[in-house]
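Student: What follows is the residue order along each chain.
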Amino acid sequence: MNIDLSRRSFLKLAGAGVAATTLGSMGFGEAEAQELALIRPFKLATLTEIRNTCPYCSVACGIIMYSKGDVRKEQAELIHVEGDVDHPTNRGTLCPKGAALKDFVRSETRLSQPMIRRPGADKMEPISWDDALDRIARAMKDDRDENLVQFNEAGVPVNRWTTAGFLAASATTNETAWATFKAVKGMGIAGFDNQARV
Amino acid sequence: MTNSWTDIKNADLVIVMGGNAAEAHPCGFKWVTEAKAHRGAKLIVVDPRYNRTAAVSDYYAPIRPGTDIAWLMGMIRWMIENDKVHWEYVRNFTNAAFIVKDGFGWSDGLFSGYDPEKRDYDRSTWDYVIGADGYAEVDMTLENPRCVWQLLKQHVDVYTPEFVENITGTPADKFLHIAEMIGETAAPDKTMTSMYALGWTQHSKGSQNIRGMAMLQLILGNIGMAGGGMNALRGHSNIQGLTDMGLMSNLLTGYLSMPTEAEVDYATYMSTRNFKPLRPGQTSYWQNYSKFMVSFMKAMYGDAAQAENDWGYHWLPKLDVPNYDVLRMFELMNDGHVNLYFCQGFNPLMAFPNRGKLTSALSKLKLLVTIDPLETETARFWENHGEYNDVDTASIQTEVIQLPSTCFAEDDGSLTNSGRWLQWHWKACTPPGEAKLDTWIMAQIFTRVRELYRKEGGSVPEPILNLSWDYADEGDPTPDELAREVNGRALSTVYDTADTSKVVVEAGKQVLNFTQLRDDGSTMCGCWIYSGCWNEDGNNMARRDNEDPSGLGVYPNWTWSWPVNRRTLYNRASCDMEGKPWDPTRMVIEWNGEKWVGNDVPDISPTARPQDVGPFIMNPEGTSRLFSRGMMRDGPFPTHMEPFESPMQNVFNAEMRGNPVARVFEADVADLGTSDEFPYVGTSYRLTEHFHYWTKHNRVNSVLQPQFFVEISVELAEEKGISNGGWVRVWNKRGSVKAKAVVTKRIKPLICDGKPVHVVGVPLHWGFTGVAKKGYGPNSLTVFIGDANIETPESKAFLVNIEASEEPVA
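Protein sequences appear in the order of chains A and B. Under numbering that gives the first Met the number 0, the letters of the first sequence match residues 0 to 197, in that order. Under numbering that gives the first Met the number 0, the letters of the second sequence match residues 0 to 809, in that order.
The following block holds chain A by itself, in its conformation from the complex (with noise of 0.2 Å):
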């Protein structure tokens, strides 16, 4: 681990002059020291190293996965997560929230697959992906179909579907949020917002 940080161009940064004093204050130092004596480098050089940011708030620190193996050819599996050291903004540093985002990733809540709770019900229950958005394409369908405002009383083209819905994440990429634009604007639904609303 100690190597592996040497290596990095985050020293050559601080040897810059410019961030050099400040590595103290922002606890690096401290928490390099602690890494070399809790992580077992035979451990982490078997695991593959990706480069990611935080998901919380918008500071958008960098951060550093390490998975038993490699995602982009087979399963892999999220074993430990620690800042990005030539990250510009955090150089390292995560607050009490991303130190613990392996745990969110892994949590015991997180979803696995498709449920419905039926009219009335007082449980969930498992249901295909495919019967799933069959299900929600036919709504959307037949409700776009009933309710969609094809012309307003002047006769204007408005197509405006608003017995419809969408919230948008504001945690989801920006390539994401452009295929959601399309589609929910797409069909013309006019209640659509993001937490930028909140």
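Derived from the structure by calculation, the hints contain no laboratory data. What you were told as hints is all true, and nothing was included just to trick you.
Cut-off 27 Å, straight-line C-alpha distance, at most; resulting in silico cross-link-like pairs (DSS-like, lysine-lysine):
{"hint": "1", "chain 1": "B", "residue 1": "365", "chain 2": "A", "residue 2": "122"}
{"hint": "2", "chain 1": "B", "residue 1": "435", "chain 2": "A", "residue 2": "101"}
{"hint": "3", "chain 1": "A", "residue 1": "101", "chain 2": "B", "residue 2": "772"}
{"hint": "4", "chain 1": "A", "residue 1": "122", "chain 2": "B", "residue 2": "772"}
{"hint": "5", "chain 1": "B", "residue 1": "773", "chain 2": "A", "residue 2": "101"}
{"hint": "6", "chain 1": "B", "residue 1": "754", "chain 2": "B", "residue 2": "719"}
{"hint": "7", "chain 1": "B", "residue 1": "773", "chain 2": "B", "residue 2": "363"}
{"hint": "8", "chain 1": "A", "residue 1": "67", "chain 2": "B", "residue 2": "435"}
{"hint": "9", "chain 1": "B", "residue 1": "435", "chain 2": "A", "residue 2": "72"}
{"hint": "10", "chain 1": "B", "residue 1": "290", "chain 2": "B", "residue 2": "501"}
{"hint": "11", "chain 1": "B", "residue 1": "41", "chain 2": "B", "residue 2": "747"}
{"hint": "12", "chain 1": "A", "residue 1": "122", "chain 2": "B", "residue 2": "435"}
{"hint": "13", "chain 1": "B", "residue 1": "773", "chain 2": "A", "residue 2": "122"}
{"hint": "14", "chain 1": "A", "residue 1": "122", "chain 2": "B", "residue 2": "363"}
From the derived model, a few chain B residues whose C-beta atoms are all more than 12 Å from chain A:
{"hint": "15", "residue": "91"}
{"hint": "16", "residue": "600"}
{"hint": "17", "residue": "718"}
{"hint": "18", "residue": "762"}
According to the in silico footprint, chain B covers these stretches of chain A (three or more CB under 8 Å from chain B):
{"hint": "19", "segment": "114-124"}
{"hint": "20", "segment": "131-139"}
In this text the structure is predicted, and so the values were computed from the model without any measurement. Backbone N, C-alpha and C define an ideal beta-carbon position, used for all residues, glycine too.
Chain A is already provided as a structure; the job is to place chain B on it using the hints.
Tutor: For chain B alone, kept in the frame of chain A given last:
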């Protein structure tokens, strides 16, 4: 943010007001620590609670929730009275010199043109006098009594330190101490940065809170400077991105706006968007609107968008109301007018106000679809959890389909941070069970609906059948394909407009950035402000060069920043009229006699002479606006308004409740309480150890902060016989919650209008799913009214009562 997180180290003074960065943005806040440690910067915190940001501040002052405008107008008044004004900046870079129409005025807390029936203003007089030459009239001496500067002086005159103290509870001596500190940054080479978040937005006049500080920053000359700016810290990892991408009921991508039904065709839509400069020689960059709009419509409808059919303009939904925002949707839902509702990574049952009303509304849906990596209260709104969710399950006829999605660790793509950096990330692990990518889920829903329209026909199938869905696997678009579409490409060869023999970009190639977009159908671009993120150089969002040649925290080659990789917005304003930096030691850009050069991408045409072209290139004035004309519904200047639920009357106008133009649904009026019945001021906030309603699913965070609590002062606890760690009930007309009481010196009673005001702090991280102990959110208590301009609910100021109580029955 106008600036970036790493730029904060350049600040001389940091003011955190309307946010709590040390707890809500801990690793970004370290740049404040850095500025303090190595630049000698000072930190001011103004907040109802002595929070952890306050704990490391140089100076702290308390304030009553919802009174920030009075405080900020008082601060502006003090700067003017004490000549703490950056005059050259104000004269040239703001609209201080512009002459305003005669009819405009203010009295009794209201601007001219108020119609109490419509709860709206006639804003026609809130504008400039336009001269015979077609340009706005100005008086560069700032002496004309109708110029913006004189009107502003008049407007803020009432906000004396004593007047401010009476409303806000900030003692006048503390207010004056802070004024002295802030006033120092009127020097051209001193900067203050403003860091704010939902403490300013979640009010019925949130937009005006922010304007108040923006005006102060302009008067001090702190916008465009390294270490300056208006820095919205923002709440979620990609809330900036989803706003930029226009996933809002009133927006299209890149802050293009949704058509309204009054805009009967594309020509009419464009007729109010010509953005003719209001002063000679100004840039008024929005004059390029049609290039961005046509390129957007080409991205939406591909070959089906042609000049002959107005580029598919009629396929876009057109609004009949300003907004189908979430509050309106839940109002419609509660009235039985909404049948289907989708929640993608969104837990509205805990996030929006008046939970009782939300439950009632969700119970009237035919189908609720949730797309989330986690269990949410929204997906389980029908499930009885005793006092924590006391619903009659059998009577709720809503069908719920819960779709499991991946989380950040399992997908590739970019997120835009609050500093406008688009940072690409890579997946690290396999999703659990059958969880799927959000892109796959959206594509599956869309293509299945499209298939039904192909087979069966139906109501206006064209926008669905013609929607461009040009991906190698239509059912599973890749992030790379989507990002390239967002950047945009040439559909046919694009030629230089000045020299048509010159090729700008070949057909089929990615455009370099939005300067290559055209309005003749030859280019497409999903979101113009993101154009440049993935051009022929490749994925610029994945760049990882962390060198910082200037030492100013610019990191020009780290990922990519919108627009055009510019790191500090309005950076032209960091230089004087000759183009010389106000502070040469923190040079962002400068004029070298021929062009703008320096450490950042200039926020102005590179060859625009500094004497000729103003720095605020998006505005037709070329200046910023101290007076916002008719662009905001509730006034061209911020004026003090009380929250809808307040312990005191509006001192200007006892009849006025809340924001006089905020939308109030009839059904919610009866739910508003008064201070006779509910004497205490509730406010909501986050804790360091938790993130919204996510981390209660995480065992580590749930151990760190296991249980819902409310925070009250020692004085209130004594008055109500409440012990530290004892159970309390907090309630108002909308709901009731039970919590452990944290009795603390961090909150102290304030004296407003001669009477003590007690604040009850309600953190927002608990619910009835996850591994933490069950609890409530503040939204059981909050008011179902939003900001008059953008409908963000007033969750930071509401009235409650409190009493000692017993543990709830789960």
